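> Given the structure of chain G, go ahead and fit chain W onto it with the hints provided.
Protein chains: 2
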Amino acid sequence: MEVRGPMSDIIIKNAGYIIDNSLKIYKNSSIIIEDNIITEIGKKTTLPAPEYEIDAKWKLVVPAFINAHTHTPMTLLRGYCDDRRLWDWLSEIWKAENYFDRTVCKIGAELAILEMIKNGIGLFADFYFHQDVVAEISVKAGLRAILGSTILGEEFVQQGGNEFLFEQAKKTIQLARTSELLLPAIAPHSPVTVPQEDLQKSLELAQKNNAFLMIHVSETRDDVLKSEDRYGKPPIEWLNSFGFLNYHKTFFVHGVWITDREVRLLGEHRNGFVYCPVSAQKLAYGGVPPIPELLKNGVNVMLGTDGPASNNVLDILQEMKFASLLISFDRWDPSMITVKDIFQMASVTFRKSYLPNTGLQQYAFADMTLINFRKPHLYPINEHRILSHLVFSATGHDCTDLIINGKPIMIAKKPLTLNEEKIMDNAQNTWMQLEDQIKSETQISN
Amino acid sequence: MEVRGPMSDIIIKNAGYIIDNSLKIYKNSSIIIEDNIITEIGKKTTLPAPEYEIDAKWKLVVPAFINAHTHTPMTLLRGYCDDRRLWDWLSEIWKAENYFDRTVCKIGAELAILEMIKNGIGLFADFYFHQDVVAEISVKAGLRAILGSTILGEEFVQQGGNEFLFEQAKKTIQLARTSELLLPAIAPHSPVTVPQEDLQKSLELAQKNNAFLMIHVSETRDDVLKSEDRYGKPPIEWLNSFGFLNYHKTFFVHGVWITDREVRLLGEHRNGFVYCPVSAQKLAYGGVPPIPELLKNGVNVMLGTDGPASNNVLDILQEMKFASLLISFDRWDPSMITVKDIFQMASVTFRKSYLPNTGLQQYAFADMTLINFRKPHLYPINEHRILSHLVFSATGHDCTDLIINGKPIMIAKKPLTLNEEKIMDNAQNTWMQLEDQIKSETQISN
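Protein sequences appear in the order of chains G and W. Per our numbering: the first sequence = residues 1 to 446. Per our numbering: the second sequence = residues 1 to 446.
In short, the hints are calculated from the structure, not lab data. None of the values given here were measured: they were computed from a predicted structure. Among the clues, some could well be false.
Any copy, or any two copies together, can satisfy a pair, since identical chains are not distinguished.
[Said to hold, decoys possible] In silico BS3-like cross-links for lysine-lysine, where the CA-CA straight-line distance does not exceed 30 angstroms: (1) Lys24 x Lys439; (2) Lys413 x Lys13; (3) Lys414 x Lys27; (4) Lys233 x Lys208; (5) Lys57 x Lys106; (6) Lys413 x Lys57; (7) Lys413 x Lys43; (8) Lys27 x Lys95; (9) Lys422 x Lys13; (10) Lys201 x Lys226; (11) Lys95 x Lys171; (12) Lys57 x Lys375.
Bound-form chain G, shown alone:
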């Protein structure tokens, strides 16, 4: 692996609790990071000349959190025309998105990446246009990013047609090769908004480049009905008919209305599945994906926040609570899903399947989040309660430090790689002026 820029030796001393990639719990132990590799988890408490020495007596150290689905530039639409029905809301969002040029996307993505850092997220899968700006900011920030360049059917594209989108996607794939932090992806929007020809082209492009393939699927009942109407099959079955499921780096996102047969297909192919509980509730899709059955069938279930306009935050710790509670509610049974299942979706499932040499274990590239548990809402605490506290009581605000690829990204709540004040001011000044313009030009009332 190529080493970029100066690496730091870090010692995390006497951590209250450590949870490693395999969910083993260590009490009062230390972590040594040399260059970007964890060389030891144990009782050693000295290192010759560490660049950072973190006293972690009141801290819990976990593999960094993963946000497996978002649309980073959309932070700018946080709280924009809430409380509306899906199509009403979407139509307002789309009008505003017409103004999302490269500069606007950059300002939105910066705000999103800053927010994710503060919430202890070390890797995110983005799904939007202008992934070159997302790449630029992720690398600057030091986060790992899956760059999902969106493909849409011709009729939805404003300028340049979808040839232009495929060009962008190819450029994104090239770009992802320039940093060890970046992972390429191609992101066809959905089986009902992208024609079969372009879906196949996307699949081939992904396979050829060993890129992730991410697609929204069966998000609304209408998605399923349209697919059955057009192709005689529900979306995942139809995608399977031309090889989508054979590719192990395919992520199906949402899947609120998938069938039992589709669950089994996903299991047989060991695909990725991203559950976004907050967004599904906020936009009122009405259903809950069959997570217990997906897990039982061996599907790689992960958690995503979805875009900030439909959440409205990028906090995987909060998402864990929503994920667990919605399943308990839906099944009338709190034992259908455990806090261990939920924590895995938020932190280690992705690594195990796709990036096993990262996270929190000896000889892994060090990706970890430190959480301050010396707070009233996390007491009392012991080994048996840690996962419950992470799922039901902690939020991203409790994350204090973030180390990705051995590099400190946030220390004691202070982001080291991005200018927090400047990013917030940029988002406020640029967007609010633009919002006035959009509202006057499109007659949106708030």
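Below, chain W without anything else, positioned relative to chain G:
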């Protein structure tokens, strides 16, 4: 009103946004508090000799949040045997609760009140035994508290019978008269766990003393079936048959499975109703109370966290998000409830009906929470997005300052009236030792 102890003059300068009791928004304005009264909301920025001067440039000031239902001592059971079915879970909780003597209740309540202060909650309604310790700590902490002394049917009471519980309730009512911060209540557990005679006695006691009357109702389907089986009517209808609804200070808690007819009855009588969305999901009661209909019928709907064992936090800001999303999800329609409806449930509905001279308006006893919005997850911000940000993006962690009855309770995240470190240590040391004992004596496995 009697003045207790020294009062402080406070000036909150140049607040980014202020939301008053009637939800009017002020931009870049100041608040003057003299003794314990708000004397001005406006542009004045000087006060002769303020004891506290708070620069609120990046802050949003709102009437202090209200937690309308909790069981404070149960913080000690936060994360204790999660992921179990309702009766399984309850049976473990009850075994542990046998060890909740006065001392244990005090340690738990201290932790709960500390947590609520940090989350910007200025008034809470408790529902548990040993309310004398809750009274002691609330007054020390400076929070307003509704002291709900529990009444249970004879068969559920371990020692002393329920005569003892009525004695306790009477003492609690006396105690509530000793401080302007305390409000008395009597809390019969539920229509299925308390016999009619004792329910009537509770109602009379409440009316005679102008106390609140709080009762869990129609929490599970079984509650409704039992009531119909025994009394030929669902719980609220039955309670109405002997006058419970005629008393305007009655709060019905949970009401997951109430009927349309019961909604109308509650509306006609302008009763209080407490919605606890997290607990209903965590314990998987399966339903959602008809909140839009309750609001339409004029019921005073408020939010509660329920006890920390079934949540597992005491954070009304988080509860707002769960409250809104669960209704959108249940109705397949995000327009059924607005962020304004939700914010009112969390902050001003209680005041309007029961304590109109408190909160955030001129000449009110000053009860307010300051929220730092200079954070990535609350940007961009403007007047149109504030309520959305409060409901969907903020959490209790964003609350920085709390002023209750004109007295600073927390300033810049530091609680002034309670010893944070000592309370966490007490909870940890006392309870964890006791937990080992409980587990060995009752064969609970974790």
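> Are any of the numbered hints broken by this structure? If so, which, sorted upward?
none
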